Amino acid sequence: SSLSTVSSGINAEYGALNTLRARLAGKLVHRRDTLSKSSCAVFIPLCHRDNQLSLLYTRRADTLSSHTGQISFPGGRCEEGETAEETSTREMEEEIGVTPLQHWGSLHRPVISLKLENVYGCVGYIGHVEDISFTLSSQEVSHVFTLPLSTLLRTRFVRNYPNSVAGSRRWKRFCKETANDPMDKETFLTLNGMGEYSMPVFPSPTREDPDIWGLTAIMTDRLLYTALKGEGYPKHDFLPV
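Add 1313 to a position in the sequence shown, counting from 1, and you land on the number used in the working numbering.
Simulated from the structure, these hints should not be mistaken for lab results. As the structure is a computational prediction, the values presented were derived from the model and not from experiment. Keep in mind that a hint or two might mislead.
As the list claims (entries may be wrong) - With a straight-line Cα cutoff of 25 Å, these simulated DMTMM-like cross-link-like pairs (lysine to aspartate or glutamate) come out:
1) 1428 / 1393
2) 1489 / 1499
3) 1498 / 1550
4) 1428 / 1346
5) 1350 / 1430
6) 1350 / 1393
7) 1489 / 1550
8) 1350 / 1399
9) 1548 / 1524
10) 1340 / 1375
11) 1542 / 1499
12) 1428 / 1524
13) 1428 / 1363
14) 1485 / 1509
15) 1489 / 1346
16) 1498 / 1453
17) 1428 / 1407
18) 1485 / 1497
19) 1340 / 1399
20) 1428 / 1395
21) 1350 / 1406
22) 1489 / 1524
23) 1548 / 1497
24) 1350 / 1407
25) 1350 / 1453
26) 1428 / 1499
27) 1498 / 1509
28) 1428 / 1521
29) 1428 / 1550
30) 1340 / 1499
31) 1548 / 1430
32) 1350 / 1392
33) 1485 / 1499
34) 1340 / 1430
35) 1498 / 1430
36) 1428 / 1497
37) 1489 / 1430
38) 1542 / 1497
Please construct the entire structure, taking both the sequences and the accompanying hints into account.
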């Protein structure tokens, strides 16, 4: 299939980073609006490691009060007057001491958390990991790791979760966000009445780290779908399997 061809050759094809950037051209949003303090933003860091185009993830510190030890992208709550890009850049600098080399834009729609907060995913490039001097905030980050895009393309699986009251509210909120997309709106209305829903999951590279799930997995999946839907990367519809 065309997706298998892309997966097997992705590192050679994307050796010139501009190839991936061209695939995303016109599909990412350049947000200039400032956000409220109830919104959050994360930076989705593309990088090279061993000359493989990869994504960089952080493992949250075990001392944090929420989402302890989970895998995430650098990010956090917006401060008054900040854009999503400014928030995600500031948070990445605070958490891992890295400033992006390139800002590419944001995923088309925010992901809505169970707390009904808008979480914006900002995409950019941070360089070759071997050349980066990371300064981790020990209060927030345990460590960082990377996964090649070619691996992420091959390893996605789905996992079912029970549909809670908070989840039901989230599907209704999704309906409002996708009012102009009848297919998505119909799916979310269906999910609102179901006992389960499914989420994309990506395996971590070591047994010591948990799988990549939740908002981080959704954003990883959306980035891959946005770039590679034309090559057959399947859209995740959240329906239980």
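Evaluation of the provided hints:
1. 1428 / 1393: Measuring from Cα to Cα gives roughly 19 Å; hence the hint holds.
2. 1489 / 1499: It holds: about 11 Å lies between the C-alpha atoms, which stays within 25 Å.
3. 1498 / 1550: holds (11 Å)
4. 1428 / 1346: holds (22 Å)
5. 1350 / 1430: holds (10 Å)
6. 1350 / 1393: Holds. Residue 1350 to residue 1393 sits at ~6 Å (cutoff 25 Å).
7. 1489 / 1550: Since the Cα atoms of residue 1489 and residue 1550 sit roughly 16 Å apart, the hinted pair holds (cutoff 25 Å).
8. 1350 / 1399: holds (13 Å)
9. 1548 / 1524: It holds: about 20 Å lies between the C-alpha atoms, which stays within 25 Å.
10. 1340 / 1375: Outside the cut-off at roughly 36 Å; violated.
11. 1542 / 1499: holds (21 Å)
12. 1428 / 1524: With a Cα-Cα distance of about 22 Å, the restraint between residue 1428 and residue 1524 holds, given a limit of 25 Å.
13. 1428 / 1363: violated (38 Å)
14. 1485 / 1509: holds (15 Å)
15. 1489 / 1346: Roughly 20 Å separates the two Cα atoms, so the pair holds.
16. 1498 / 1453: Distance of about 36 Å is beyond 25 Å: violated.
17. 1428 / 1407: holds (24 Å)
18. 1485 / 1497: holds (12 Å)
19. 1340 / 1399: This hinted pair holds, its Cα atoms lying about 20 Å apart.
20. 1428 / 1395: holds (21 Å)
21. 1350 / 1406: Holds - the C-alpha atoms of residue 1406 and residue 1350 are around 19 Å apart, at most 25 Å.
22. 1489 / 1524: violated (30 Å)
23. 1548 / 1497: Status holds; Cα separation ~11 Å.
24. 1350 / 1407: At roughly 18 Å apart (the allowed maximum being 25 Å), residue 1407 and residue 1350 satisfy the hint.
25. 1350 / 1453: holds (20 Å)
26. 1428 / 1499: holds (22 Å)
27. 1498 / 1509: OK: residue 1498 and residue 1509 at ~17 Å, within 25 Å.
28. 1428 / 1521: Cα-Cα ~28 Å, so violated.
29. 1428 / 1550: holds (21 Å)
30. 1340 / 1499: Roughly 23 Å separates the two Cα atoms, so the pair holds.
31. 1548 / 1430: Judged against 25 Å, a Cα distance of about 23 Å means the pair holds.
32. 1350 / 1392: holds (6 Å)
33. 1485 / 1499: OK: residue 1485 and residue 1499 at ~11 Å, within 25 Å.
34. 1340 / 1430: Judged against 25 Å, a Cα distance of about 23 Å means the pair holds.
35. 1498 / 1430: holds (19 Å)
36. 1428 / 1497: Roughly 21 Å between the alpha carbons, so the hint for residue 1428 and residue 1497 holds.
37. 1489 / 1430: holds (14 Å)
38. 1542 / 1497: holds (16 Å)
Of the hints listed earlier, those the structure fails to meet are numbers 10, 13, 16, 22 and 28, in rising order.
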